[in-house]
Amino acid sequence: MKTTTKLALGNIKTDKSRALLTGIAVFLTTALITVILFGCNAVIQNNRTHAAEDYGEHYGVFSRITPEQIKTLKLHAQFYNIGLQTYAAEGSLKGYHLSYYCTDSVMRKLSHFTVESGQYPRAENEILAQREFFQVQGCPEPNIGDTVTLALRVGGEGKILKKDFTISGFLYSSEANRLARRYSAYVSETFLDANLPDPNERNTYAGFQVVNDEGLRASQMEQKIQTLAEELGLKESQVSINHNYLKWTLDPDTEVLAAGIGIILILVIVSALVIYNIFHVAVIQKIREYGRLRALGAGRRQLRQLVLKEGLLLSVLPIPAGIALGTVLLKVTLRTFIRVTSPVFSLPLAFGVAALSLGTVLISIQKPLRLAAKASPVEAIRYEAGGREQARKGKTSVTILSLTLSNLALHKKRTVTTILTMGLSCVLLVIVANLVGNMDADRQTREDIEHGRFRIELNCSLDDAAYPENNLNEVQKQNPLNEAFLRQLKSIEGVTEVRTRKQIPVYETNKNTGESQYATIAVVSKEDFAWLERNAERGTVDYPNTAAQDGIIHMWDHFMDSEYSIGDTFSGELLDGDRRLPFSAPVLGSCGHSNDASYTITEDTFEKLGITEDMTGIVFVDCDSRSEEAVGEQLKQLVAAAEHLEMSSYSDTLSLINHYISFMRNGCYTFLIILSLIGFMNMANTMVTNILTRKREFGILQAIGMSSRQLNQMLQLEGLVFTAGTLFISLVLGNLLGYLAFCYCKKEGFVGLFEYHVPVFELCVLIAGILALQIVLAFVLSRNVKKESLVERIRYQE
Amino acid sequence: MQTILQTENLCKYYGKNENTIKAVDHTNITVEQGEFIAVVGKSGSGKSTLLHLLGGLDSPTAGRVIIGGRDIFSLKEEQLAAFRRRKIGFVFQSFNLITSINVWENIVLPLGLDGRKADIPFLEDLLRVLSLKDKRNSMPNTLSGGQQQRAAIARALAAKPDIILADEPTGNLDSKTSLEVMSLFKMSVKKYGQTLMMITHDEELAQMADRILLIEDGRVIDDSGKAVS
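Residue numbers (the working numbering), protein chains in the order written: chain A, 371 to 1168; chain B, -13 to 215.
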């Protein structure tokens, strides 16, 4: 063995605490880099694999496509794997959305259609659906082969028919379907041919894949699909692109990678600072020894090698151990919390992690290495750790506080790197807290139920030729949400508030597209307009302006370009019972979220319209929390007794939203747990280093009469300064980056992200955690320091 | 004269069985108030260990150290720390000044730890005597070895302790500065009526003491070469 290697090993053996600290720092850093790098890889692989399962393999869907267009599509050289799905019928059951589809084999393949048991219907009377579909329609224990009688309207139009079906199989149950009370059933092509024989009357969607010889990226492919759709004579609104599938299959995962690289960069900086700190202090303490080695004839290169070898030897075990821990940690958490099942370990990536960790160690020991090499036999003996300050105006008396502060001030570099290291460890925590803490299920629910705890609305069609009495304008002639009904609501015990909103049916003619269709206009109060203002996308959305100009706000921002521009004039006819009132208004702005109407006007404008019928369309009911259940029951009875009413409750909607949010929140929390574990360990490591390397100084202080209590006080005070600095950096930088992350995710449409607020609760937990860590550490360490006798400490590395 | 310090069968052993090293072995010494005692002996004879035990920096394997009539090892830790800063002044070979505070702050540090106010005229006088007046705001690492040791002596004297324990205070100093430091020691001991126990390798300096204690293999040897027990 070479002499320098022997010396390096000797150094490690004699200075076990430093070896241990460095080892832990390398180990944790490697573990975290492993988690991030392997995690990103697993997520990318998982997304690729599951993109097809989750979103289907079709590049897009053309809706309301005509038989001629289907023919052209099938002959087109650029399209292949064309699958068709036709809307066969609409179920008739109050409070539920039941749909019947006929899906051909290609479409089933494209959409990864899976059957839990049985098979896809073949005969005209066969049907396939979730068990719950049959249960809600009065068949409590459905079995394959059972005959059920179901009420439906073929093609969603015409008279309600009662038909007998034989169950051919079941689909997998889904919690989301149950909460949304929305189910789909599938019927055979024979059913379609028998009941909707004219292909021109069918509402058919076509899923397809597109030839990609050019190796197009997702956005380019989307462009190509739009161009092809135009060639086929399809409107933009008929084209729906499978963005998720295209993104995962055609794009490199730049976002996941960028996030991963960003996090790894912070980690590398943090651990480089920790390792630098440990080595720097060690080299300064040993500078005399290096000087002696120089005096004995060691060259600068040999001294550099000595420190370098120490660094390398200290990485030999922790790096593979870190990779192992990271892999296990990631595997467990991914499986448990976010159900990612892709293989986690990858040998090339493991080498990458090892190289990265080793690189971190090598970078961080560069300066200590040069410092050791610079040691000269003469200077070394005179070298003493301390600042360059010549003199300072001190105080007449010294207290524990002034001693602490002067020590921190003298070792500015050490203080700053410690704070920086700890601060950066926490920055990531704050960023994640900014996302998790801002997920607002309540607000998301309020998108649906704007006020109170219950929402009762008219359940009407707009354009039903077979049952015109079901159309909104007809229902409003004898509006079930009339004054008497409202009085009934108010008289229920526990009800505290009843609010109403008007909805006007309108027959609009778009002068740009020439299309005519039925739609609704919501009449919104000054108070509720604030909600629109918050969700404004284009133009000016405010009550005074809209009222003054008698303007109209478009509620579907994504259709703005194809339908209207700001400043266009909306024109149509308002349906006031049997009357049709011509109406026109300037389009002033658009909103990103719909309030169940296509357009919105102000109450002031409504007053001027001269409408005579009762236009009440939605009622919000609030009650005190104790009576919520009882009020809900009574409302259910009232709604069931009346026709054309539908009810939803805040608590049901909230649990549905929570169901969606929980998936994302679990992912974030998983990440947060791993991160805080390793971040806190890193911080503990920094503080331990800071204290253990100053044993001698503490020894001197105690020799001249500092008591253990005072030493503990000094360490606590020092810790407090570190904590304050850490919090300052992590809160300022973390919240800034967190805000940017929030804005990005909100723009990308993450569930539950609306208004930004500083996540006070999460930050309080973080602050409490850091404070507790610091207090416990200072206490434990001062006890640890006391274990060695004073004499040992005074002699420590002398 | 009054006995200020006394040891009874004081022992400090390291290791076990055959490997036992008797750093201090059944030592009985008595020191009168105002005495200046030089402790001499070869390297590794146990001088420093004895001094550390006398100052309560280390705990004995057996035996007692009685200062001012109290067994210092019967004190609780907090009491011992307070006792040290009030009754004992340490001077180390390697000065051991705190590098983050200036000379004046180093000197008043034991007083600050005790929550006492500094006796400014006394300390000003001390600085003048020790020729540190113009160095009061200097940081320790800007001082020469002699200046640092004088500052360490000032720190040991600041709390007006009864006993000063000095472990080779001139070990790192040249002979001229050593003599200077010694005369300062003698003068302050006389002026403030303190007791001084000083380890030294320097024959010449040892001769300046009232009494010389020779330590050999952890035991005090009398003039005839026999262990005193």
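It is worth saying that the hints were derived from the structure and are not from the lab. Heads up, the beta-carbon is just placed ideally off N, CA and C, and yes, glycines get one too. Do not take every clue at face value.
[Claimed, not checked] For each label pair, taking beta carbons as the anchor points, the in silico distance ranges come out as: (1) A/Ser746 to B/Lys162: 24 to 30 Å; (2) B/Glu189 to A/Ser746: 52 to 58 Å; (3) B/Gly101 to A/Leu666: 21 to 27 Å; (4) B/Asn158 to A/Val1146: 25 to 31 Å.
[What the hints assert, rightly or not] Below, in silico cross-link-like pairs of lysine-lysine (DSSO-like), each with a Cα-Cα straight-line distance of 27 Å or less: (5) A/Lys1156 to B/Lys62; (6) A/Lys763 to B/Lys119; (7) B/Lys176 to B/Lys62; (8) A/Lys763 to A/Lys679; (9) B/Lys62 to B/Lys73; (10) A/Lys679 to A/Lys386; (11) A/Lys372 to A/Lys765; (12) A/Lys763 to B/Lys103; (13) B/Lys176 to B/Lys103; (14) A/Lys1065 to B/Lys177; (15) B/Lys176 to A/Lys1065; (16) A/Lys464 to A/Lys1065; (17) B/Lys28 to B/Lys62; (18) A/Lys383 to A/Lys847; (19) B/Lys146 to A/Lys763; (20) A/Lys679 to A/Lys765; (21) B/Lys177 to A/Lys1157; (22) B/Lys119 to B/Lys177; (23) B/Lys176 to A/Lys386; (24) A/Lys1156 to B/Lys177; (25) B/Lys103 to A/Lys383; (26) A/Lys765 to B/Lys146; (27) A/Lys1156 to B/Lys176; (28) A/Lys1157 to B/Lys2; (29) B/Lys119 to A/Lys1157; (30) A/Lys765 to B/Lys103; (31) A/Lys765 to B/Lys62; (32) A/Lys765 to B/Lys8; (33) A/Lys1065 to A/Lys594.
[As the list claims (entries may be wrong)] Partner residues aside, some chain A positions facing chain B, computed with beta carbon under 10 Å: (34) Gln415; (35) Asn417; (36) Ala421; (37) Ser544; (38) Glu545; (39) Leu695; (40) Val698.
Hints, verified against the model:
1. Taking the beta carbon of each, A/Ser746 and B/Lys162 are about 27 Å apart, inside 24 to 30 Å as hinted.
2. Distance hint for B/Glu189 and A/Ser746: a CB-CB separation of about 34 Å, inconsistent with the stated range 52 to 58 Å.
3. Between B/Gly101 and A/Leu666, the C-beta spacing of about 49 Å breaks the proposed range 21 to 27 Å.
4. Take B/Asn158 and A/Val1146: their Cβ atoms lie about 41 Å apart, and the range 25 to 31 Å is violated.
5. As the CA atoms of A/Lys1156 and B/Lys62 are separated by approximately 14 Å, the hinted pair is consistent with the 27 Å bound.
6. At most 27 Å may separate the alpha-carbon atoms for a hinted pair to count; A/Lys763 and B/Lys119 meet this at roughly 14 Å.
7. About 32 Å separates the Cα atoms of B/Lys176 and B/Lys62, which puts this hinted pair outside 27 Å; it is violated.
8. Among the hinted pairs, A/Lys763 with A/Lys679 is inconsistent with the structure: their alpha-carbon atoms are about 43 Å apart, more than 27 Å.
9. Distance hint between B/Lys62 and B/Lys73 is fulfilled; the C-alpha atoms sit about 16 Å from each other, no more than 27 Å.
10. Taken as a hint, the A/Lys679 and A/Lys386 pair is honoured in the structure, with Cα atoms around 16 Å apart against an allowance of 27 Å.
11. For a cut-off of 27 Å, the pair hint linking A/Lys372 to A/Lys765 is broken: about 53 Å separates their Cα positions.
12. Distance hint between A/Lys763 and B/Lys103 is fulfilled; the C-alpha atoms sit about 18 Å from each other, no more than 27 Å.
13. Among the hinted pairs, B/Lys176 with B/Lys103 is consistent with the structure: their alpha-carbon atoms are about 24 Å apart, no more than 27 Å.
14. Of the pairs offered as hints, the one joining A/Lys1065 and B/Lys177 is violated, with about 36 Å between alpha carbons and a cut-off of 27 Å exceeded.
15. Between B/Lys176 and A/Lys1065 the CA atoms are separated by roughly 36 Å; this puts the pair beyond 27 Å, and the hint is violated.
16. At most 27 Å may separate the alpha-carbon atoms for a hinted pair to count; A/Lys464 and A/Lys1065 exceed this at roughly 77 Å.
17. Distance check on the hinted pair: B/Lys28 and B/Lys62 sit about 34 Å apart at the alpha-carbon level, beyond 27 Å; violated.
18. Among the hinted pairs, A/Lys383 with A/Lys847 is inconsistent with the structure: their alpha-carbon atoms are about 92 Å apart, more than 27 Å.
19. A threshold of 27 Å between alpha carbons decides the hint, and for B/Lys146 with A/Lys763 the separation of about 25 Å falls inside it, so the pair holds.
20. Our distance criterion of 27 Å between C-alpha atoms is broken by A/Lys679 and A/Lys765, whose separation comes to about 45 Å.
21. With a C-alpha separation of about 39 Å, the suggested pairing of B/Lys177 with A/Lys1157 is violated against the 27 Å cut-off.
22. In summary, the hint linking B/Lys119 to B/Lys177 is supported, as the alpha carbons are separated by about 19 Å, within the 27 Å threshold.
23. The straight-line distance between the Cα atoms of B/Lys176 and A/Lys386 is roughly 47 Å, outside the 27 Å bound, and the hint therefore fails.
24. At most 27 Å may separate the alpha-carbon atoms for a hinted pair to count; A/Lys1156 and B/Lys177 exceed this at roughly 37 Å.
25. Annotation: proposed proximity of B/Lys103 to A/Lys383 is violated, straight-line Cα distance about 46 Å (limit 27 Å).
26. Between A/Lys765 and B/Lys146 the CA atoms are separated by roughly 20 Å; this keeps the pair inside 27 Å, and the hint holds.
27. Distance check on the hinted pair: A/Lys1156 and B/Lys176 sit about 36 Å apart at the alpha-carbon level, beyond 27 Å; violated.
28. Annotation: proposed proximity of A/Lys1157 to B/Lys2 holds, straight-line Cα distance about 20 Å (limit 27 Å).
29. A C-alpha spacing of about 39 Å is found between B/Lys119 and A/Lys1157, which places the hinted pair above 27 Å, so the restraint is violated.
30. Restraint check: the Cα-Cα separation between A/Lys765 and B/Lys103 comes to about 12 Å, which is no more than 27 Å; the hinted pair holds.
31. Restraint check: the Cα-Cα separation between A/Lys765 and B/Lys62 comes to about 31 Å, which exceeds 27 Å; the hinted pair is violated.
32. Distance hint between A/Lys765 and B/Lys8 is unfulfilled; the C-alpha atoms sit about 45 Å from each other, more than 27 Å.
33. Taken as a hint, the A/Lys1065 and A/Lys594 pair is broken in the structure, with Cα atoms around 70 Å apart against an allowance of 27 Å.
34. The interface hint given for A/Gln415 is violated, since its Cβ lies 54 Å from the closest Cβ of chain B, which is over the 10 Å cut-off.
35. A distance limit of 10 Å between C-beta atoms decides the matter here; for A/Asn417 the minimum to chain B is near 54 Å, and the interface restraint is violated.
36. Interface restraint check for A/Ala421: the shortest CB-CB distance to chain B comes to about 60 Å, outside 10 Å, so the restraint is violated.
37. Violation of the interface hint for A/Ser544 is found here, the shortest Cβ-Cβ separation to chain B being roughly 66 Å, above the 10 Å cut-off.
38. With 10 Å as the threshold, the beta carbon of A/Glu545 stays out of range of chain B, its nearest partner Cβ sitting at about 63 Å, so the hint is violated.
39. Here the hint on A/Leu695 is broken, as its CB sits about 39 Å from the closest CB of chain B, past 10 Å.
40. The interface hint given for A/Val698 is violated, since its Cβ lies 43 Å from the closest Cβ of chain B, which is over the 10 Å cut-off.
Violated hints, listed in ascending order, are 2, 3, 4, 7, 8, 11, 14, 15, 16, 17, 18, 20, 21, 23, 24, 25, 27, 29, 31, 32, 33, 34, 35, 36, 37, 38, 39 and 40; each of the other numbered hints is respected by the structure.
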